[in-house]
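**Q** Residues per chain, in single letters:
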Amino acid sequence: MLHTFALFAPPNFIDNLLLKFFSADTVNYVVWPFIQIGAVVTAVAVYALYATYAERKISAFMQARLGPMRVGPWGLLQPFADALKLLTKEDLTPDKADIYTFKFAPYISVAAAFIVFAVIPFGPDWGVITDVNIGLLFVLSISSVGVLALILAGWSSNSKYALMGALRSSAQMVSYEVSMGLSIIGALMFARTLSLSGIVSAQQSDAVWFMFYQPLGLLTFLVSGIAENNRAPFDLPEAESELVAGFHTEYSGMRWSLFFMAEYAAMVVVSAIATTLYLGGWYFPFVYRFTEAQGHHALYVIISLIVFLAKLTFLLYLYFWLRWTLPRFRYDQLMDIGWKWLIPTALVNIVLTAIAIFTVQAVDGWNGLKTIEAMSPSLNLTGTGKAIMIGFGIIGIFITAGVLSTINRRARDFNLKRQRRNIRLVNLRKGKPAVAPPATNE
Amino acid sequence: MPAVNVPKPTLMEKVKRFFMVDLLKGLRLTLKYNVGAITDKDAVAGHGIYTEQYPKVRPDVAPRFHGAPRLNMDPETHDTLCIACNLCALACPEDCIDVIAMDIEITVAGKARRKKVLDEFIFDTSRCMFCALCQEACPTACLELTQDFELATYSRAGFVWNREMLEQGRETVKYTK
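For the record, the sequence lines run as chains A and B.
Heads up: the first sequence runs through residues 94 to 535, numbered per this note's numbering.
Heads up: the second sequence runs through residues 6 to 182, numbered per this note's numbering.
Since the hints were derived computationally from the structure, they do not count as laboratory data.
Accuracy of the hints is not assured; some may be wrong.
Coverage of chain A stretches by chain B, computed from C-beta distances (three or more under 8 Å per stretch; other residues unrestricted) [to be verified]: (1) 149 to 159; (2) 412 to 418.
Taking CB as the label site, the calculated pair distances span [to be verified]: (3) B:L16 with A:A391: 52 to 62 Å; (4) A:M428 with B:L16: 22 to 32 Å; (5) B:R22 with A:V139: 52 to 62 Å; (6) A:L112 with B:Y55: 52 to 62 Å; (7) B:R22 with A:L411: 16 to 26 Å; (8) B:R22 with A:I487: 14 to 24 Å.
Source: prediction; values computed, not measured.
Ideal placement from N, C-alpha and C gives every residue a C-beta, glycine not left out.
Extracted from the complex, chain A is given alone in its bound form (with noise of 0.2 Å):
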């Protein structure tokens, strides 16, 4: 059987099936990936749908109702027949609008957030359908052009609050992207590598998790992913109160509905990249040595895949439970907290975990603390090493504060504008912050 870089080993017995009626590199180059595409999208789509349903029942469980009971044992079928109610549902287009963008879009929309799955190792060997060695790149480059579907969808629909809505949104997901894009390099200063894959087994044979060594990087990607995805207390570019729903206002039928899900993929993708990159992705301390290591492949791969989910499932409560908890951001509140606080956040954590490796290489090079065994191309920390990284993450967290708060000493200050025309730069007192001068009467 050929071992190749799509693909690891898959199970025998479908393999020796699938070997009778095609060659060996068809079946390896072909037929394997069309089988996983198939079983992953199609895995995606049902737990999209029923992170729909789970997002309905939680928020009813927040607020102390039921939610949906009546399609189904505890409404568990609601899923499927609002999926066939939007399928039938008349396909609208508003006068004067854009009809090939505003068809187009939610096409868009939908494969940006379908097509980053082909990467995210959902487990080792046969859970990942192809491992690219620009993985994480690949992941923010697709997720960007999600960003292109809101802008068409909402110029083509000839409405201001689609219009709006897109602007706004574009607006939130550009600036996002820099502090998410900023947020993820300390940990790959760990995993040298972009390789999803790659960042799983350096978490597996450090036997740590990133989270503890980023413990910013974590949060800061967190919320950026939550801005990204325009969810609450994100999610001005739907504000009910304002825009009626945004950019996806002049939309029904099966096209909202393709928004709807590309909302919830768009959600699976960034929990599954924090997943892998912070928590471990699928490895789960003492798996490998209970199945693996006695000889049970297949169960070690399906006990990985579970592991996957079940942080995967965690973070997207995380995200029903913030949306359910906090109250929406105003827009100036929702620019500050990117521009002032996460990307600067992000920009010291790099220094941050740029000092601490330095100082662990260090400190191995004079023979002191044996912290790093090698050069290789992950980090092999020791024991002393993790503690020392550990410690540096958690004392960053202070060291971060004290930086943001002593830039953003002044962000709060009233009117900035009018005191910095006001302001007089000479004749000041030394170590005394600059007054405005006394009112006039204007």
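Once you have looked at the hints, place chain B on chain A.
**A** Below, chain B alone, put in the same frame as chain A:
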């Protein structure tokens, strides 16, 4: 420039802000409701679910609630308990009860007597205000306002209940799901 006096945060407030205490408090509250909804099934105490599954599960109405009228019958003979005394019609402030009686010949101890018995009983529920004064007036505990509350019909005429409806109860669609 209007002077806005923003008080400086104390050390305690700064620490609270740093550890996001208020955010965590909010999260704890919603989690408490979520866990309560899953675990606490009887719902009323604590943070349970307050939703009633109405057509599936009948709600408990208050004991003093008055609903649909009913004419009770003798449980053994299945004859009506009504003696056509007309007291309920007299007691009704809305004048929505009509008792129509008739005389019949009976023999009591060998002698022919005439007796007034109930022929038809008209109860207009559209005018009834469910004060239950008729129930208070009834000497034989025949007329009773029950706790049944589903009185809606498709026509005005449907609100006028005759004797059969009052004795048997009106047929309603029973939803089980």
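**Q** If a hint holds in the structure, say so; if it doesn't, say that too.
**A** Hints, verified against the model:
1. 149 to 159: Coverage by chain B holds for the segment 149 to 159 of chain A (8 residues, Cβ < 8 Å).
2. 412 to 418: Check passed, 4 qualifying residues.
3. B:L16 with A:A391: 52 to 62 Å: Holds: the Cβ-Cβ distance is about 57 Å, inside 52 to 62 Å.
4. A:M428 with B:L16: 22 to 32 Å: 29 Å, holds
5. B:R22 with A:V139: 52 to 62 Å: Because 42 Å falls outside the window, the suggested range is violated.
6. A:L112 with B:Y55: 52 to 62 Å: 60 Å, holds
7. B:R22 with A:L411: 16 to 26 Å: The hinted range 16 to 26 Å holds for R22 of chain B and L411 of chain A, with Cβ atoms some 21 Å apart.
8. B:R22 with A:I487: 14 to 24 Å: 18 Å, holds
Hint check: a violation occurs at hint 5 only; the rest are consistent with the structure.
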